Amino acid sequence: MRAKKLMGWQALFIVVLVSVTYHFTLTEGQDYDFDGDKKKAAAPPPEENNCNGIFLSYVFISREKEFPHLKNATAQAWAFKSVATILNAGEKDLKAWKMYIGFQHKEILVSAGGAVIMDGDDLPAFVGNGTYLSGYPQADLKTAIETAGDLTQIQAEIQLEGTQFGLKPPAVPMPKTIRLVNDGFKCPAATRKGSSVFVCCVTDPKFKANITKTKYMPRQNGDLTIVYDVLQAFEGNYLAQVTMDNNHPLGRLDHWNLTWEWMNGEFIYSMRGAYTHKRDYSECIYGPAGKYYKDTDFTPVMNCEKKPVIADLPPERKDDEKVGKLPYCCKNGTLVPTTMDPSKARAIFQLQVFKTPPNMNRTAFFPPQKWKINGVLNPDYKCAPPIRVMPTEFPDTTGLDAYSTAVASWQVVCNITRPKEKASRCCVSFSAFYNDSVIPCNTCACGCKDTDTCNQNASPLLLPPEALLVPFINREEKAKAWAKMKHRTLPKVLPCGDNCGVSMNWHINSDYRKGWTARVTLFNWEDINFEDWFAAIEMKVAYPGYENIYSFNATKLPQVKNTIFFQGLEGLAYLMGEVNGTNPQTDPRVPGKQQSVISFRKKHTPGINIVKGDGFPSKVYFNGEECSLPKVFPTGAAHKSHTNLLPVIFLTIITFVLMTDHLS
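One point on numbering: in UniProt numbering, the residue at position 520 of the sequence shown is 520, and numbering is uninterrupted.
Hints are computed from structural coordinates only; laboratory data are not their basis. Just so you know, these numbers come straight off a predicted model, no measurement behind them. It is possible that part of the hints are untrue.
Distance condition first, Cα-Cα at most 20 Å in a straight line; then the derived SDA-like pairs of lysine to any residue [unchecked claim]: (1) Lys294 to Asn359; (2) Lys65 to Glu161; (3) Lys422 to Gly447; (4) Lys176 to Arg63; (5) Lys619 to Val597; (6) Lys306 to Tyr275.
Pair ranges (Cβ atoms, derived) [as the list claims (entries may be wrong)]: (7) Val597 to Thr74: 52 to 58 Å; (8) Gln559 to Tyr403: 25 to 31 Å; (9) Thr74 to Pro45: 30 to 36 Å; (10) Met576 to Arg362: 48 to 54 Å; (11) Asp401 to Val597: 49 to 55 Å; (12) Thr299 to Glu570: 44 to 50 Å; (13) Asp122 to Lys95: 24 to 30 Å; (14) Thr405 to Glu66: 49 to 55 Å; (15) Asn548 to Asn332: 30 to 36 Å; (16) Cys454 to Pro358: 54 to 60 Å.
Backbone N, C-alpha and C define an ideal beta-carbon position, used for all residues, glycine too.
Build out the structure end to end from the sequences listed, making use of the hints.
This is the structure in structure tokens:
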């Protein structure tokens, strides 16, 4: 009986224990659910609360060692995560925000959620020298005043992931600085605290902004401006027009190719005034478009690529009823400066864009991002992200004093970038009448392949003048013979060629008391012809003395300092391509060539010294591309000795006369 009673108490004890444990567990679970599974956000720095402007911050979150694991700490790769934040803590809206992050540890950016790289580079991108980011899709930041402090409208967060090298733990890989790069703001030096860096940028009272009464950004200036206009809007699709204007006096594009990236599943149904290089609709059938447009025949579709490559139509399609009949279209991809021909400085094409869910509303527009444009032997352009601008106005086509406006407009600004060393597309050689050797184009002036066995860092070998007329592969024997004749030592591994498609020889032809002349020769080593070519030279010292150029049309450019612009005469505007020699089996190929003499007066340039380099251009452009220049000038020992011999002879005669008088 007692045993049963004891067992009863034991059972009761177990029940109570289970009940208490269950209650405790339930209480813990309820607390956990109430708090949420997210870690509480760190309190913002007090500087944020005191900022009356734009507050930017960068917070390093974590990193993890990547393969391969190396003993060399500086070569070790680390995967990192960080967050950049931009907060509008001011009293005015911030339009099209732009932020600079000064990365400094050979970073490679793999993803940037909430932003795009401003120069249009694709990810992954090397950003070890710093990078500029702009907001997408949230490009504008409103104020707390007009949004009741809604962080989703006044703040943008950029989730950054990438790879950095070196700087092993416990050191923290932080950027040098961060700053806002919008006009009208000034930023002090950024402050670093532990694994975060921040700065408060305020409006610059000295900045004079153009006063606009619209909610859109004012249109910007640039070397090449592109406007993306929505002309007609429908449920699920819209008609857009792209207008490109060449604004640079030396900018140019030949056979341009334009590309961008659709961000929301759009595709091009049809085009007028241009076409895409690829007409493959498989990406529509197997992508989001195919799921929505189930009963649509995609065979007439122009292009379904996320990154279409668009080109201009040839002139013979200009009056085509289906794809032509647009002003400024169909010039075979040629955009020249207004100084040459204003009618060829603009290009226009239209496209019918189909959208995919959830952006089917007729007022939902998302312009493509990551714009890029290039041409054949033309300058490199870097394009900023599109910014929303005031809708474009179009004059009435019937001649009435009226205008219509686009539904919506965005502007893309592209600027010419100076070519890096060994990355040009044209080059220059120097020669002079007072030196029998030619200084050729720089080694690898237009790049070299990693597999080349020649010396990519050696100085080019001096050449006899006739060697300029043959391709580089046929110059080696001439260069060796010339070096032997001049008693010059040859390197064990000969230097590589220039690998340029176009070259110019600048030859000092004469130098006399009242003036001097130079001979300009253009060589085309490509297979293609250059129609309506142009070139330009910057003459820092000799510019005021320019007199004439005899076989080209030339003019001084007031917009570009000390620059003379020239092009072929009417009927001679073709720079022909390279062709076979008389006997292709034995003779080298022959480049296309054009030549002229240019003359200068010394009256307006007193003290000019031709031999020391004043007679050579400091910059040369061909079709807008800045060419690589030699690093030295032809020496003028013979020329100088001829000049300095006169006072020596005069002094000798005077001495002889005086001695004769003394002896007599």
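For each hint, the structure was consulted:
With a C-alpha separation of about 17 Å, the suggested pairing of Lys294 with Asn359 holds against the 20 Å cut-off. Simply put, Lys65 and Glu161 have alpha-carbon atoms about 14 Å apart, close enough for the 20 Å limit, and the pair holds. At most 20 Å may separate the alpha-carbon atoms for a hinted pair to count; Lys422 and Gly447 meet this at roughly 5 Å. Pair hint Lys176 plus Arg63 holds up; C-alpha atoms about 18 Å apart against a cutoff of 20 Å.
A hinted pair counts as satisfied when its Cα atoms are at most 20 Å apart, and Lys619 with Val597 qualifies at roughly 18 Å. For the given pair, Lys306 sits about 15 Å from Tyr275 by alpha-carbon distance, which is consistent with the 20 Å threshold. A hinted range of 52 to 58 Å for the beta carbons of Val597 and Thr74 is consistent with their spacing of about 56 Å. Between Gln559 and Tyr403 the Cβ separation comes to about 30 Å, which falls inside the hinted range of 25 to 31 Å.
At roughly 32 Å, the beta-carbon separation of Thr74 and Pro45 lies within the given 30 to 36 Å, and the hint holds. In this structure the supplied range 48 to 54 Å holds for Met576 paired with Arg362, their Cβ-Cβ distance being about 52 Å. A beta carbon spacing of about 53 Å between Asp401 and Val597 agrees with the range 49 to 55 Å that was offered as a hint. A hinted range of 44 to 50 Å for the beta carbons of Thr299 and Glu570 is consistent with their spacing of about 46 Å.
About 26 Å separates the C-beta atoms of Asp122 and Lys95, a value consistent with the hinted range of 24 to 30 Å. The hinted window of 49 to 55 Å between Thr405 and Glu66 holds, with their beta carbons roughly 52 Å apart. Hint check: Asn548 to Asn332, Cβ distance near 33 Å, so the stated range 30 to 36 Å holds. For Cys454 and Pro358, the hinted distance range of 54 to 60 Å is satisfied, since their beta carbons lie about 57 Å from each other.
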